[in-house]
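Asks: Residue strings, one per chain:
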Amino acid sequence: MKQQTTAQGLYLHLPFCLRKCFYCDFTVRVLEQRRQISRYLDHLELELAALSTLPMQLKTLYLGGGTPSLLNEAEMERLCTGLRQKLNLTHLQEWTLEVNPETGSQNYFEQCKALGINRVSLGVQSFQPNELQQSGRSHSPTDILRCVAELRAAGLNNISLDLIYGLPGQTLAAWQDSLKQALDLNPSHLSLYSLEVHEKTTWGQLERLEKLQRPSEESEVAMYETACQLLAEQGFEHYEIANWSLPGLASQHNRLYWQAAPVLALGVGAHGYWQHRRYANSDQLKTYYQDCQNQHWSWQNTAAQSRQDTAAEHVILGLRLLQVGVDDRAFAQEFGCSLAAAYPKELPELLAKGLLIWHGKRLCLPAEAVLLSNEVFAALLEPQL
Amino acid sequence: MSYIESIRNFSIIAHIDHGKSTLADRLIEYTGALSQREMVAQVLDSLDIERERGITIKSQSARLNYTASDGKPYILNLIDTPGHVDFTYEVSRSLAACEGALLIIDATQGVEAQTIANLYLALEHNLEIVPVINKIDLPSADVERVKLQIAELGLDPDEVVLCSAKEGIGIQDLLEAVVFRVPAPKGDLDAPLQALIFDSVYDTYRGTVVYFRIFEGSIGNHDKIRFMASEKNYNVTELGVLLPYRTPVEGLRAGETGYFSAEIKDVQHARVGDTITHSERPAEAAWPGYRPAIPMVFCGLYPVESDDYEELKEALNKLQLNDAALSFEPETSNALGFGFRCGFLGLLHMEIIQERLEREYNLSLIATAPSVIYEIKTVTGETIMIDNPQNLPLPQHIDTMKEPYVNVTVISPKDYVGPMMDLAQSRRGIFISMDYPTPDRVVMHYEMPLNEMMADFFDQLKSRSSGYASLDYEMIGMREADLVKLDILLNGEIVDALSVIVPRDKAPFMGRQLTAKLREIIPRQMFEIPIQAAIGSRVVSRETVKAMRKNVLAKCYGGDISRKRKLLEKQKAGKKRMKQVGKVEIPQDAFMAVLRLGQE
Chain A
1 MKQQTTAQGL YLHLPFCLRK CFYCDFTVRV LEQRRQISRY LDHLELELAA
51 LSTLPMQLKT LYLGGGTPSL LNEAEMERLC TGLRQKLNLT HLQEWTLEVN
101 PETGSQNYFE QCKALGINRV SLGVQSFQPN ELQQSGRSHS PTDILRCVAE
151 LRAAGLNNIS LDLIYGLPGQ TLAAWQDSLK QALDLNPSHL SLYSLEVHEK
201 TTWGQLERLE KLQRPSEESE VAMYETACQL LAEQGFEHYE IANWSLPGLA
251 SQHNRLYWQA APVLALGVGA HGYWQHRRYA NSDQLKTYYQ DCQNQHWSWQ
301 NTAAQSRQDT AAEHVILGLR LLQVGVDDRA FAQEFGCSLA AAYPKELPEL
351 LAKGLLIWHG KRLCLPAEAV LLSNEVFAAL LEPQL
Chain F
1001 MSYIESIRNF SIIAHIDHGK STLADRLIEY TGALSQREMV AQVLDSLDIE
1051 RERGITIKSQ SARLNYTASD GKPYILNLID TPGHVDFTYE VSRSLAACEG
1101 ALLIIDATQG VEAQTIANLY LALEHNLEIV PVINKIDLPS ADVERVKLQI
1151 AELGLDPDEV VLCSAKEGIG IQDLLEAVVF RVPAPKGDLD APLQALIFDS
1201 VYDTYRGTVV YFRIFEGSIG NHDKIRFMAS EKNYNVTELG VLLPYRTPVE
1251 GLRAGETGYF SAEIKDVQHA RVGDTITHSE RPAEAAWPGY RPAIPMVFCG
1301 LYPVESDDYE ELKEALNKLQ LNDAALSFEP ETSNALGFGF RCGFLGLLHM
1351 EIIQERLERE YNLSLIATAP SVIYEIKTVT GETIMIDNPQ NLPLPQHIDT
1401 MKEPYVNVTV ISPKDYVGPM MDLAQSRRGI FISMDYPTPD RVVMHYEMPL
1451 NEMMADFFDQ LKSRSSGYAS LDYEMIGMRE ADLVKLDILL NGEIVDALSV
1501 IVPRDKAPFM GRQLTAKLRE IIPRQMFEIP IQAAIGSRVV SRETVKAMRK
1551 NVLAKCYGGD ISRKRKLLEK QKAGKKRMKQ VGKVEIPQDA FMAVLRLGQE
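Chains as they are written, first to last, in my numbering: chain A, 1 to 385; chain F, 1001 to 1600.
In isolation and in its complexed conformation, chain F is listed as follows:
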């Protein structure tokens, strides 16, 4: 057996929470890549936030040594994939690096929207699919029903592997399936180098560390390489494999996966999806499929204390080193001062970045409500793109406006079809089709403005279906829409950061809801605060926050000054989370109020 015949490159794909990370842990543990002692639950999810939320954001991979039932040693390269729709592109690059994929389906939940989306993605890359039913140990597991669903997807139900990652059941069967069903890679050792970057991470000491899969040729330590899209050249300073800890090697060949560092200071030079080749003997063409990450969701991030601006900039720079999909540029707001307009792949991506800025960099931030990007044709025939409602031209200068649409797939038990359709319709969804892959399961397709997904669409979907419905979406392009800017005035002054772009016919209604919500959120201050919503100069609704009259601590408690002080410190801490705009102190929540209008 030649070296290449002993290699298997595979991914694990699944709907969120179907047990992908636990299964990865189990494979690593079973093959002895890490001893039990070294195993931390879900080793592959390395960020704190990932572990807390139980989702994988940055993918990592591991090389597993396994001796199969034929007595031969194999090298199984597990390529972990990010587990959320925001990272579809990253998932697709990971899949491109594989020959096969384990499709994990929860025995209690069955096929979900992301199961299907990921399956299609894997099929696009011609991967060998190994369907796996996980969590078979649970009392509510219904293996036969899930097998039926698998058959509906066009996969062979008799080829399914049954396992319980949690209990360690069926792990060997899975490894055998990887060896005997996933094809070995092919590749010409002597061809010019062609390697695909499927992930990169930033390391303080090594710069950007690139994770790659070699399709053609070979690479050696200290080779001079070139990134074909960015056209940057570097000398490899460390080459290695992931066991799953980085372990240096002298060379890697076609079919193998590994990592290298090359003192790459700018993550933009080595982006996921780019092709690595040799500077001296470049490949004729890059591996297909590269595209730069396109941010779809934008929001303004402002430091609560304007003195923290430089720190925020520094923190964003550092995060970007590890996250090429994050974009940002300076912007100013009358209300919030100096900050940044940041672009994200999606809503989850946005939340994660905000959380990391606050946790890891200890910054107190005000985030404005997320916005999509709008395409505006002006009356002078110019086309401009805006990602911030503040920059919307005056109505008389706008000829037409377009907003991004997504294709939404909702999978739900048939009992919840009504509520699901109501929800989609209330969010300007356009019904496309409905299928019944199994008698009790419905797949609905809608086209919907991305903007409508910003708010609580996902939460609503879950709550209206008792948690059973699942969701996936993909971009389908820009479409014309009749939109207006809704301004909010506090104390008679427009707070630009609270402006939102909304459909014209919904604007007065949303104005009323928004002012009512803000009245709840804005704490009473020492004077009365009128809250108004306006379209242009027309006020569509008004509420008032009454003045605070009393905040006093009288009792002395036998000289217990510390007690008074603690209380004052608590009050002060509360204020720190607020942004002073004019005379009014506005809590962070106010800027997100627009997202929570649908909740009542």
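Same shape as in the complex, but just chain A:
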């Protein structure tokens, strides 16, 4: 089995936002009073104290949300200092902060840098004023430009931008424009997400009433293909289903997820993976607080997944890294049989349909199959070990 005891990454969730975006299905609370944050930090510290006793050699730290950059300077300092005191960060290579364009300032970002943060993931989503407004975002295109300028001024140059395609009313031309504006900002990394509409969101409700005008599947495919082409021209490597980076600047933290490496998680609704346990903290603040007070930790109270599930995830997650794929020998070493033996029926079928491809000993998802990857993954859920 892989090194499963020593955690290599840590995700920390900060759930507060100024408002909730219409598509958002994540653990998010609207910030109403400042003391919500200090109360939350109190509990995070309780969890951190307990979690810090686990064996870890952290390479990556990720402050996600929500809007982590809603923390003011004092709060951010409190949080990061706490992390530095409790955790051994000597091996840390990447410390990412999620930032929303309407937050922060040059001073703020300078402080972040001083605290150890060396990468920023900026929630841009779109450069079109109407799209931003109609998605319930709190920022304008101008905010994006300002924010990036301040980040750079503060010396935070490893910047990733998030964009969404398939937004209601979005045209191919608008998407191309957003992409170009994004590229003009010289990001080192781009995450392009196809819109997912979830039932319990504003848009989910609208869709149920048949009042959400989403682009056709064909246009979404065209948006994706345009993006592939444009980013390739600019020297970006399409290294994961939804992620592109300049050479050497892929997100190390997300890569840990795709490699099924142990990544711990802190905070409400946070998901971690440790010793083959996929554990999740409660996504209700009240319950999370009680758990913290009662020292009731989800990593202790979650059963380890079966070997079959571990193997399935090894394959499904591994295939997401398009160039890396799943190494047959590594799979055999860990699970005792070849991929062909684990999927006697599925593998030949998927290979024949061109949905999978061998690069030497590595099984990979070909570029043409990226948009149909769920079809591939669903077929690989039950390996025979």
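One should not assume that every hint holds.
[As the list claims (entries may be wrong)] In the DSS-like style, the derived pairs of lysine-lysine whose C-alpha atoms are separated by at most 27 Å in a straight line are:
id, chain 1, residue 1, chain 2, residue 2
1, A, K59, F, K1555
2, F, K1313, A, K353
3, F, K1555, A, K180
4, A, K211, F, K1550
5, F, K1265, A, K345
6, A, K345, F, K1566
7, F, K1313, F, K1550
8, F, K1546, F, K1572
9, F, K1575, A, K200
10, A, K200, F, K1564
11, F, K1313, F, K1546
12, F, K1313, A, K286
Honestly, the hints are just simulated from the structure, not real lab data.
Since the structure of chain A is already known, use the hints to place chain F on it.
Replies: Leaving out everything else, chain F in the frame of chain A:
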């Protein structure tokens, strides 16, 4: 009073939903056969599906002890009957075991098609009929109107018993009517044994348990008996009565009902309607009326996973132990692989079997659209029967074709006569007659191909009459018809399991409807799928399922891998319900598409 004078054997007959099962419960409860605590609603409907659907499929009976107003103790044997037209034969065997019947009529609904059909069935067996108006407590009850209808049926409206099974009103009156109006059985204790099987159930420990009524002679525990139709001999290992739980006794005599088990491993040896006699001293003749169950509706059942074939076979074998009317034999389909051609008494019977296979045996099944049996005379003068469109000979080899016809009775309020006639006509119905038993009620008789009833005839009947019309049908034989086979091609290949036999003049129209329906049902796949309907080599319609272009989950959600996984598992589960035919994945619904053509 001799023992036989204290016995009453009776059934309860009714149109579906008129409250038969509730009334049976109430009689059992009133006579104390079961304490309140033991009463589960509708104890007599023992299968889960029966309870869910509120209908009785397998009949059960109960022996009730009742002291009547004359102060004497009586034994009332309630013989429950199945409540659907598919089981007419089973109903007739139950009635044959009785001297009287309670005819239940819903005070709000009045006389319905099955009320009449069941009444005639009971009269054929010379039963004393006690008309009962149930649900008199309901605000919409119209007792006087129902009494008029009862008079129209030739029964005495003054002899009607009023009750509400739900509220327990009139239960004692009913029991008194059973005692004083239903005749006591007759029978010669010393004659050779003649007992009629009116039901049988399979019990894992005891084998087939036979429910019977003795007409002549007597039977004792450990007797050596013979089933006269199957000519099989067995030793009785347990003899008893139903209270309603099985309770062993040492002997039973003419006029009584009871059960026995005899380690009967094959349900075919002891079929409903057969006569039981003693091996050593057999009766001269069997009790009249026996006929083997004849399946009328057929469909192919295939496991979605071909590995499940043996399990399906095993499950069908087990179900057949309890259900002599179910027939099956292996068949193969190019599209679906190895499966079974199964024969059923009717559509409901078919549905029930499918549901039990999926629920009780946890099998994932593909069922083909039901078919009737066709009689084909070939040009060489041979007569062959086919129950599967796949086996239809080539047109040039067919001289004539016949299909089964049924006599359909529809009863409807007069306001809906127009829509009812339209419906019957659109289903190739031939009008026979129309009566007005009461001024506001119409009884229509049609002759119609059984095949036309397969689809949504019943649903349409209900929806076009706001639920007021009712239906009954019986077989009347085979008739000549001009039919062709309509094939469906997916991705250019014929999917044999989708072929249907249809009237020649309707074929192009049905082809168009069927391809359109399939386009809705077949989910998009990774390539474009042409759907064609063809008669022979002539394509009559074409539709296309566009290729799926995108199915991807991009967002990582802070490492929430379980969320991705759940979504994938849901997708996979959806696929499990589909059958891969060639390159195309076909959902179960597609095979039933032909049944739902009339809905638009």
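Asks: Does each hint fit the structure? Answer for all of them.
Replies: Structure-based check of each hint:
With a C-alpha separation of about 22 Å, the suggested pair K59 (chain A) and K1555 (chain F) falls inside the 27 Å cut-off, and the hint holds. A distance of roughly 33 Å separates the Cα atoms of K1313 (chain F) and K353 (chain A); the hinted pair therefore is violated under the 27 Å criterion. With a CA separation close to 22 Å, the supplied pair K1555 (chain F) and K180 (chain A) stays within the 27 Å bound. Among the hinted pairs, K211 (chain A) with K1550 (chain F) is consistent with the structure: their alpha-carbon atoms are about 22 Å apart, no more than 27 Å.
Of the pairs offered as hints, the one joining K1265 (chain F) and K345 (chain A) is violated, with about 40 Å between alpha carbons and a cut-off of 27 Å exceeded. Proximity of K345 (chain A) to K1566 (chain F) is assessed by CA-CA distance (about 22 Å); at most 27 Å being required, the pair is judged to hold. Restraint check: the Cα-Cα separation between K1313 (chain F) and K1550 (chain F) comes to about 39 Å, which exceeds 27 Å; the hinted pair is violated. At most 27 Å may separate the alpha-carbon atoms for a hinted pair to count; K1546 (chain F) and K1572 (chain F) meet this at roughly 21 Å.
For the given pair, K1575 (chain F) sits about 25 Å from K200 (chain A) by alpha-carbon distance, which is consistent with the 27 Å threshold. Our distance criterion of 27 Å between C-alpha atoms is met by K200 (chain A) and K1564 (chain F), whose separation comes to about 17 Å. Taking the CA atoms of K1313 (chain F) and K1546 (chain F), the gap is near 37 Å; set against the 27 Å cutoff, the hint is violated. A threshold of 27 Å between alpha carbons decides the hint, and for K1313 (chain F) with K286 (chain A) the separation of about 54 Å lies outside it, so the pair is violated.
Of the numbered hints given earlier, the model fails hints 2, 5, 7, 11, 12; all others are met.
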